[in-house]
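2 protein chains.
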Amino acid sequence: MEFHTYMQLIADDINILNPVVARAVKAREAGPIAEIAGRCAALGAAAIDVNPGPGSRDRRDTMSFCLQAVQAGTDLPVYLDSSEPDMLWQGIEQCAGQAVINGFSLEPAKVETILPLAVRHRLPVVGFLLRPNGHVPASAEERLQIASDLLDVSTRAGLDPADLIIDPVLAPLSWNDGTAQAASVLETIRMLPELCGTRVRTLVGLSNLTSGVKHPAAPMLEAMYLARLAEAGLSHALINMRRSQAVACARFCSVIDGNQPFSWAEFERYLT
Amino acid sequence: MEFHTYMQLIADDINILNPVVARAVKAREAGPIAEIAGRCAALGAAAIDVNPGPGSRDRRDTMSFCLQAVQAGTDLPVYLDSSEPDMLWQGIEQCAGQAVINGFSLEPAKVETILPLAVRHRLPVVGFLLRPNGHVPASAEERLQIASDLLDVSTRAGLDPADLIIDPVLAPLSWNDGTAQAASVLETIRMLPELCGTRVRTLVGLSNLTSGVKHPAAPMLEAMYLARLAEAGLSHALINMRRSQAVACARFCSVIDGNQPFSWAEFERYLT
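So the sequences go chain by chain: A and B. To convert a position in the first sequence, counted from 1, into my numbering, add 5. To convert a position in the second sequence, counted from 1, into my numbering, add 5.
Bear in mind the hints are in silico, worked out from the structure with no lab data behind them. Each statement offered as a hint is correct.
Same chains, same label: a pair holds when it works inside one copy or across any pair of copies.
Pairs of lysine to any residue residues, derived as SDA-like cross-links and limited to a Cα-Cα distance of at most 25 angstroms, are as follows: (1) K219 x F267; (2) K219 x T277; (3) K31 x A101; (4) K115 x N213.
In this text, all values refer to a predicted model and were calculated from it rather than measured experimentally.
Build the full structure now, drawing on both the sequences and the hints.
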């Protein structure tokens with residue numbers, strides 16, 4: 006994967022938690038999923054995350070089906086979002102273009118089953134900065150230590166270090182230490198290039214910030230936090246493309262960081 | 006002046022371009038100005054910028070009057086915003102609390118008349134990163150060179166380097182190179198600590214970004230750019246406190262950077 010001068014958007018809209026997607030998956034109707042994927046592409050997404058939820062015994066082909074449906078709507082790269090090696094394997098088989106595995110962590114089962122898939126198929130893979138027991142770290146220092154361990158483990162397994170995309174794991178603001186966690190994620194992204202001795206791909210799932218929250222201020226706070234992530238150097242933001250403020254913010258950041266011409270008309274469409 | 010862990014807001018509401026202020030100044034009515042100053046304090050401003058416009062022959066005491074009026078509404082520190090040494094002198098005389106001179110640049114007349122006021126009265130002073138001819142620099146490199154020159158000139162004149170507040174001078178997005186200018190200001194703020202060998206106070210006048218623009222998307226773009234300024238390390242933002250999205254954004258940033266508890270109710274008040 007190449008580096009860009011500005012933050013890329015990965016659409017998280019194809020998620021089993023989206024009722025439209027859930028209905029389409031259940032009925033094996035590709036149309037609604039293809040339509041969402043096409044809309045995300047039109048809004049400027051650089052890739053589509055595909056999260057079909059947990060596999061069930063009787064519907065083993067859910068990832069395959071979702072991939073086919075997405076690819077009927079767009080030829081953008083896809084992020085195969087699952088913790089199940091079987092599902093990831095289906096996705097790799099079915100994928101016509103670039104695939105990214107999303108993802109693994111230091112949890113031993115994931116190091117043993119998911120990382121080797123990335124190595125064998127020479128695919129980029131997202132590495133979550135989680136403790137080996139799957140818990141979220143408490144500080145930027147701990148996140149950076151885990152990043153260093155992840156790099157070690159990946160390199161020893163044979164992964165090209167340029168294929169590791171680091172996700173510092175954003176926690177909800179509603180956690181007791183939610184604001185400290187939000188600060189820690191920003192600090193981690195700022196510090197990672199120094200730790201790695203080079204620029205490094207990073208990914209943050211923005212919706213975690215306001216997870217489960219329906220407050221009308223949530224979309225705006227997400228957009229403001231996204232602006233800080235862009236300034237901290239984030240390379241990939243996983244966002245819901247229906248959140249127009251966040252999409253507008255990312256576009257504004259790409260105009261600034263990509264030295265593109267500015268148009269008021271464009272931002273009025275998003276923001277008013 | 007002490008350093009804070011998060012960006013401070015300076016209210017730019019007391020400005021002769023605000024019709025309410027202009028009418029009050031003309032009629033020498035302190036009430037409306039005191040009321041605005043009090044409202045800015047209640048919204049969380051850390052200081053009040055006082056910009057009475059150019060002096061006129063028959064109303065030499067305009068800065069004195071404005072200062073008295075502001076101080077009837079709040080005891081916050083004031084930024085004396087004028088390029089006229091006489092006006093600045095009035096402000097210093099009239100000021101009961103902390104004053105900051107706003108400001109000077111490498112323009113020879115300003116180095117000769119405004120900088121000495123700061124040195125003589127041991128006051129912090131804003132230094133604009135402008136060319137000696139008063140023009141806006143073209144790049145971050147040029148801004149950093151000018152910052153180095155400003156530091157030299159100030160130190161030689163006897164200013165405590167900790168009393169220099171650097172303003173990289175934000176240009177309007179509508180300029181031909183507006184987006185490159187916006188990127189350059191962020192880069193300058195990120196790089197200044199390295200140039201100075203220490204943390205350094207910085208100030209940006211946010212309203213410059215959308216200067217003269219009435220588009221409904223302008224307040225939101227200001228807020229998003231402000232989030233990036235906070236992440237870049239800006240210490241002081243000069244903003245209009247009636248721009249509720251920018252105020253909310255600054256408050257959100259202070260919650261994150263100051264490790265303060267988060268409240269949805271607070272942000273709903275600002276953002277909905």
